[in-house]
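Protein sequence lines correspond, in order, to chains A and B. In short: position in the first sequence from 1, add 360, done, that's the working numbering. In short: position in the second sequence from 1, add 213, done, that's the working numbering.
Think of the hints as simulated: they come from the structure by calculation, not from any bench.
Pulled a few chain B residues facing chain A out of the computed Cβ check, cut under 8 Å:
id: 1; residue: Ala244
id: 2; residue: Gly255
id: 3; residue: Gly319
id: 4; residue: Gly321
Cβ pair distances, simulated, as ranges:
id: 5; chain 1: B; residue 1: Arg294; chain 2: A; residue 2: Ile471; range: 42 to 48 Å
id: 6; chain 1: B; residue 1: Asp314; chain 2: A; residue 2: Thr388; range: 17 to 23 Å
id: 7; chain 1: A; residue 1: Glu375; chain 2: B; residue 2: Ser271; range: 40 to 46 Å
id: 8; chain 1: A; residue 1: Glu375; chain 2: B; residue 2: Gly266; range: 47 to 53 Å
id: 9; chain 1: B; residue 1: Glu284; chain 2: A; residue 2: Glu368; range: 40 to 46 Å
id: 10; chain 1: A; residue 1: Thr388; chain 2: B; residue 2: Gly285; range: 27 to 33 Å
id: 11; chain 1: A; residue 1: Val442; chain 2: B; residue 2: Gly253; range: 21 to 27 Å
Beta carbons are placed, not taken as given, at the ideal position from N, Cα and C, and that holds for glycine.
Below are the chains, spelled out letter by letter.
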Amino acid sequence: GDSVTQMEGPVTLSEEAFLTINCTYTATGYPSLFWYVQYPGEGLQLLLKATKADDKGSNKGFEATYRKETTSFHLEKGSVQVSDSAVYFCALSDSGANNLFFGTGTRLTVIP
Amino acid sequence: GAGVSQTPSNKVTEKGKYVELRCDPISGHTALYWYRQSLGQGPEFLIYFQGTGAADDSGLPNDRFFAVRPEGSVSTLKIQRTERGDSAVYLCASSLGTETDTQYFGPGTRLTVL
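Looking at chain A on its own, in the form it has when it is part of the complex (with noise of 0.2 Å):
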């Protein structure tokens, strides 16, 4: 069945530091890659998606590359803000499907 792996958190890291989070996954099918970000106090919202092998989602300063061969979606930031404090969630839609299976989230906490 679909599943997602997530990095165990929480992560905490000094403002302006390389951030990565690391997401595996199964699929049945090819699926849609997603990572959604919840802020403090707020719901769910899309950062970032890619649907295909090889495609590079990307929003405000985070990308993430899908990896079929070694079936990954990484997360990164080259410089991560205070405002960036956060629970991460790495998710897939497989194809033919329109749900979402979710990894358990990652939280992180950025330092001044």
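Given the structure of chain A, go ahead and fit chain B onto it with the hints provided.
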């Protein structure tokens, strides 16, 4: 424009009671989803509507859970004979309808069963 809204934002009930949770999707979105998020976990899929019909209800945990969307817009998630294990945040999302369309999430309803 308005996003997905959910009411109530918080619901506290007693074990064995019946509850209804409401979701108002983004206008024009034909697809509507319900998810459940337990503490420290990612959201888990419950049910997906395309228009008025439930296209996939494979995530509903048992027959105490039921959802409707009679006019293809607002949806209600109904839980009968609530149990303490039903305590979670119930999330609703909507999208334009194809599998690659972005799902937009509401703020959720936090259900606590005492």
